[in-house]
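Below, each chain spelled out in residue letters.
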Amino acid sequence: MNESELRERTRALLKEVNPDAKGDQRIPFRGAQFDRGLAWVSFPEGLGGLGLAPKLQTVVQDELHKGAKTYYEDMLVNPIGIGMGAAVVLAYGREEGKRELLRRMFTGEEIWCQLFSEPSAGSDLAGLATRAVRDGDDWVLNGQKTWTTLAHISKWGLLVARTNPDLPKHDGLSYFMLDMQAPGVEVRPLYQITGEAEFNEVFLNDVRIPQKHMLGEEGQGWKVAIATLMNERVALGGGASKKGGGPIAVLLELFENVEAKRSPAEEALLRDRIAKLYIEAELLRLTGIRAKAARDSNVVGPEGSVGKVAQAEIGKAIWECCADVLGPDALVYEHGYELRQGSTSSPNSRLHAKYTLLRSRAYSIEGGTSEIMRNILGERVLGLPGEPRVDKDVPWKEIRRS
Amino acid sequence: MLFEFSDEHGELRRTVRDFFEKESDENRVRELMSSEQGFDPTCWGRMAEELGIVGLIVSEEHGGAGLGMVELAIVAEEMGRVLLCAPYLSSAVLATSVLEFAADEAAQKEILPKLASGEAIATLAFSEAANPWDFSAIAMTAEPKGDAFQLSGEKTYVLDGQIANEIIVVARVDGSLALFRVADDASGLSREALPPFDPTRRIAALRFKNTPASRISSGDLCCQLECALDRAIIALAAEQLGGAQRVLETTIDFAKTRFQFGRPIGSFQVIKHGCADMLVEVEFARSAVYNAAFSGDEDPQSVAVAAQMAKSYCSDAYLDIANRSIQIHGGMGFTWEHSAHLYYKRAKASEILFGTASYHRERMAALLGFGAR
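One line per chain: the protein sequences are A and B, in this order.
Under my numbering, the final residue of the first sequence carries the number 482; numbering is consecutive throughout.
Under my numbering, the final residue of the second sequence carries the number 404; numbering is consecutive throughout.
Hints may be right or wrong, so weigh each one.
As the list claims (entries may be wrong) - Derived pair list, reagent style SDA-like, types lysine to any residue, alpha-carbon separation capped at 25 Å: (1) Lys287(B) to Glu451(A); (2) Lys372(A) to Lys396(A); (3) Lys322(A) to Asp330(B); (4) Lys356(A) to Leu33(B); (5) Lys322(A) to Cys254(B); (6) Lys323(A) to Gly400(B); (7) Lys303(A) to Lys322(A); (8) Lys472(A) to Lys379(B); (9) Lys323(A) to Ser389(B); (10) Lys356(A) to Gly97(B); (11) Lys341(A) to Ser389(B); (12) Lys472(A) to Phe401(B); (13) Lys287(B) to Arg106(A); (14) Lys372(A) to Glu141(B); (15) Lys176(B) to Gly149(B); (16) Lys140(B) to Cys254(B); (17) Lys356(A) to Glu393(B); (18) Lys341(A) to Ala397(B); (19) Lys323(A) to Phe36(B); (20) Lys472(A) to Ser298(B); (21) Lys287(B) to Arg460(A); (22) Lys287(B) to Pro465(A); (23) Lys356(A) to Phe401(B); (24) Lys149(A) to Gln105(A); (25) Lys356(A) to Arg355(B); (26) Lys356(A) to His304(B); (27) Lys356(A) to Lys379(B).
I should point out that these hints are in silico values taken from the structure, not numbers from a laboratory.
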């Protein structure tokens, strides 16, 4: 199928199944999109795709944007499922039931979450301690997962557990899809620095997972986990933002509009700091454009690797600076800290800045700490040698843990 | 399109790099930096004839290659990599741009072909000690004398002012900025080579006492001069990028091969993370330089903003990288024998030349109207 046929096929979908009809059309519309192979065009026929080149997906999205008022953003419908789970289920899931699983994932009837991090395994994910012990046709799980977005409304979780503690840490892991409604799964909100809970903790007490819900083979868990995380990068590595947009726009707006009496020296220092942040934000954006250009021409250069650490540090510094522009007003926190679920949206940039100052403390931790990212830059991009490791080639159970 | 380099650009870079790796290796740089002239006229001639890069941005009608900022950035980046000792920034970039943008046709016709061919070397004498990088602060006033003018006073930090044989001076006539051409043997002209902090780039003070000068421009030149200086600072930022990249490479090589405590020092996170930060700086510097170079066809305001951004960021980045390099090399980094100090001196002098990082940040902030209500 060529591009214009794909375009035609998408137009036909829009014509025959109206996403703008009265009532919530999400499930019927996206179901039809899946059935016609327009969910993921690179997937095989019958599994939401047409066996086409991945880049042709943009043709579909383009037509959907143009052809209807209602556009269902994949990353809002089922971010973990569509962003990371789909490719893993396709590659490693059992054939039986695969179609229904992918279809309900795509429509958002079944939300997915990711159960990787643990209280004792963050940066060192492969050291995780959740145990899965074989019992007949089932595996019995015990342990605790954390930082689990959407766990409280999820049907399925992508989970890595230790199936063999006698092997070195990377080798004793297996990968499962966990039914979040199974007995013994307990989800509790995890309250963060702002008082709200965007994430959950998930406690697993004698939870039974059938063998058929293992993705990949026993002992292949690390490989499948890495594949999942690569998809995460693709999912999160969206397009570059607009010139002068994003956090820096808030800082400039506050600097322009917040009334403050500052001495000339204080004003000059603040102005220089803002100019510096503006330049860094702009260079982050431009480096993103260079990285995209390099990817498009299949060249992998260092420009693609520096974004995460730079974005984290620059973002944090911008929100710090916003509070300093607000001055004494930043002593007042209108949102309050009562514990609650969800995340806060703010009516104006002043309140948004105060909230994001706190939220942004995680930028240099979530999705890979800046320290780990610097190790990756040093070792994979610059080719510097790794640190001596005490946990390699040692049975996991003999590694000292906190 | 932004950041799209053509095959020709790649070819230009390879040619220039090959040439400089041979003609400007460290030994050659050390020889030239302690020589009287500070550059190699034979090499300059080959750069003009064989490579055609001396007249790179001289328009075709004046005997140059008529190329733009992207090509200039590529060439300057390669020069910065090897600390080339040559009057390129002074003659082939700043003086050339000023003549192209602001000089009368007759002067362009007479001077530019000689610059492109390497026959003459030009410099722009504009800085005055009190406020050297701001054209609006220029106080020197030309006195009319018959059909011509006379100049008195001092210009300083004049790039390659000691060797240039085409001296272009910026001075005022009735309050307006104008260009003057001064013969290198003019009466009342004395030139003093200043001992340079960075021996790979020479500076001089030029003193004028009733020195005859011919005016080679019409009208008030402030905007044209700013545009020409923006080109020079983009080229300087490109040099800074090239130097920074080279220092990073040298430092990484050292961190991989230097063993202490039984390990390569690059395996220690404190060193490794420093190197990672240097990599981020180099990539950002690259984005800044290429952005400025590719915005060459846009309106002068965006070029100006991009130029200030590039100069301020690259100044800080190069200096930081040169500093970290000395530290990572340890005692060796402090020796005369090692090249770290050559790059440090170039980094520090380039940071200060045409205005420090904060000077350019303020210029950018003013152009963008930060905080204006």
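Now for the hints, and whether the structure bears them out:
1. Lys287(B) to Glu451(A): Roughly 20 Å separates the two Cα atoms, so the pair holds.
2. Lys372(A) to Lys396(A): Judged against 25 Å, a Cα distance of about 24 Å means the pair holds.
3. Lys322(A) to Asp330(B): 19 Å, holds
4. Lys356(A) to Leu33(B): 23 Å, holds
5. Lys322(A) to Cys254(B): 29 Å, violated
6. Lys323(A) to Gly400(B): With Cα atoms ~16 Å apart, Lys323(A) and Gly400(B) stay inside 25 Å; holds.
7. Lys303(A) to Lys322(A): Violated. Lys303(A) to Lys322(A) sits at ~36 Å, over the 25 Å cutoff.
8. Lys472(A) to Lys379(B): 45 Å, violated
9. Lys323(A) to Ser389(B): Roughly 22 Å separates the two Cα atoms, so the pair holds.
10. Lys356(A) to Gly97(B): 34 Å, violated
11. Lys341(A) to Ser389(B): 23 Å, holds
12. Lys472(A) to Phe401(B): 53 Å, violated
13. Lys287(B) to Arg106(A): 55 Å, violated
14. Lys372(A) to Glu141(B): 46 Å, violated
15. Lys176(B) to Gly149(B): Not satisfied, since the Cα-Cα distance of roughly 32 Å exceeds 25 Å.
16. Lys140(B) to Cys254(B): 22 Å, holds
17. Lys356(A) to Glu393(B): Given that 25 Å is the threshold and the Cα spacing comes to 10 Å, the pair holds.
18. Lys341(A) to Ala397(B): The given pair, whose Cα atoms are some 20 Å apart, holds under the 25 Å limit.
19. Lys323(A) to Phe36(B): The given pair, whose Cα atoms are some 22 Å apart, holds under the 25 Å limit.
20. Lys472(A) to Ser298(B): 16 Å, holds
21. Lys287(B) to Arg460(A): 13 Å, holds
22. Lys287(B) to Pro465(A): 7 Å, holds
23. Lys356(A) to Phe401(B): Holds: Lys356(A) and Phe401(B) sit about 12 Å apart, inside 25 Å.
24. Lys149(A) to Gln105(A): 12 Å, holds
25. Lys356(A) to Arg355(B): 20 Å, holds
26. Lys356(A) to His304(B): 22 Å, holds
27. Lys356(A) to Lys379(B): This hinted pair holds, its Cα atoms lying about 19 Å apart.
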